[in-house]
Amino acid sequence: MNPPGAHAQPLDTRKDGDAGGIDSRGQTVLADKVIEKIASQVASDESAAGGASGGFLGIGAHADLSVRPKASVDLSGNIATLSVEVGMLYPVPLRQATENLRQRIRARVTELTGVEVRHVDIKVCWLTNTDGESRGKRKLL
Amino acid sequence: MRQTAGTLNRTWLAILGILILAAGAALLLQTTGILQKVFQTPAPGTKIVTGELHSFFAQQWLIIIFLIISVVVGVLALVWIIAQIPVKNLAETYRLHQEGAQGRTSCDPSVLASAVEHQIDSLPDVLTSTVILRGTVDEPDVTLRVTVNDQADIRALLRHVERTTLAELSTALEAPLHKRRVQIDVSARKQNTGTVRPSTGTVLQ
Chain G
1 MNPPGAHAQP LDTRKDGDAG GIDSRGQTVL ADKVIEKIAS QVASDESAAG GASGGFLGIG
61 AHADLSVRPK ASVDLSGNIA TLSVEVGMLY PVPLRQATEN LRQRIRARVT ELTGVEVRHV
121 DIKVCWLTNT DGESRGKRKL L
Chain F
1001 MRQTAGTLNR TWLAILGILI LAAGAALLLQ TTGILQKVFQ TPAPGTKIVT GELHSFFAQQ
1061 WLIIIFLIIS VVVGVLALVW IIAQIPVKNL AETYRLHQEG AQGRTSCDPS VLASAVEHQI
1121 DSLPDVLTST VILRGTVDEP DVTLRVTVND QADIRALLRH VERTTLAELS TALEAPLHKR
1181 RVQIDVSARK QNTGTVRPST GTVLQ
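From first to last, the protein sequence lines stand for chains G and F.
My numbering applies: residue 1 is where the first sequence begins, and numbers increase by one.
My numbering applies: residue 1001 is where the second sequence begins, and numbers increase by one.
Isolated chain G, as found in the complex (with noise of 0.2 Å):
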């Protein structure tokens, strides 16, 4: 079996009979989108972190937490470097969520694709108060 990895094993070019061999069946080759989705979905599912929605070419879009953030990986062999853009709810303590999430999606990227996640940088776009079921609704002080 093909180890997980991002990059396809090198093809067999032996010609000593094995052709039964487990090198021979073929290869698996992930591309960066696959870590990307990844990434956002486990930012997603596993943590507080959203995207945004709506909007035309990146204008107008607004805040939703039910949103996949934005990932973006710079692989380099078997090594992965991920951006990702956050949305979170506020007030969080944003060092420690965004280290959480950084640990998550680091151990998580790895565990499912087996590319090594060096860094993961996290840009905070943007906070918001509600999870969007009292939005525009004011407070009683």
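In short, the hints are calculated from the structure, not lab data.
Quantities reported herein were computed from a predicted structural model and do not represent experimental measurements.
Among the clues, some could well be false.
[What the hints assert, rightly or not] Simulated crosslink set (DSSO-like; lysine-lysine; CA at most 30 Å straight-line): (1) G:LYS37 / G:LYS70; (2) G:LYS70 / G:LYS123; (3) F:LYS1179 / G:LYS123; (4) F:LYS1047 / F:LYS1037; (5) G:LYS37 / G:LYS123; (6) G:LYS123 / F:LYS1088.
On the provided structure of chain G, position chain F as indicated by the hints.
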């Protein structure tokens, strides 16, 4: 805090004051003849420049010196005028990662400011609010400007801002607020946002 040119103004005014005072004292000493006795300066009424004054000031080197002095004084004056423009001195992007963290964490202060603004705007009788964050992430300064209508309970609002709004900002940044300023403006305008009321109707099949 909004940065103004107060210190610069005081420094330059002090320098100019000392120069003018020194010139005045020198003139007084010269007039009374004391300077003549001490430094052997020309006596009052004596011509310093003999001959044609126009030809003296028409010398090339003297024109160049006056030109250089004029340019330097002009530039200094311009810099002084430009320094009068107040600078907001906003905070730079907050770096929230800890030492040794496996990645960077950043948050623009305007993101936090708009969250606080949204929180304040949702309070009753508040028309608008502006929040400005300055300083560093470990020693943040916050300036709130809240405009309320004339029926607002300002004491209750201040209490809420102090106990809840600023406390939550401090929680989010995980640092005590270094300086806090709250400005309350009262306006005769009415709130232009209505209150959202959940529907309580019965759905008929």
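Verification of the supplied hints:
A C-alpha spacing of about 8 Å is found between LYS37 (chain G) and LYS70 (chain G), which places the hinted pair at or below 30 Å, so the restraint holds. With a C-alpha separation of about 10 Å, the suggested pairing of LYS70 (chain G) with LYS123 (chain G) holds against the 30 Å cut-off. Pair hint LYS1179 (chain F) plus LYS123 (chain G) holds up; C-alpha atoms about 26 Å apart against a cutoff of 30 Å. Between the alpha carbons of LYS1047 (chain F) and LYS1037 (chain F) the distance comes to roughly 18 Å, so the proposed pair stays at or under 30 Å and holds.
About 17 Å separates the Cα atoms of LYS37 (chain G) and LYS123 (chain G), which keeps this hinted pair within 30 Å; it holds. Straight-line distance between C-alpha atoms of LYS123 (chain G) and LYS1088 (chain F) comes to about 24 Å, which keeps the hinted pair within the 30 Å bound.
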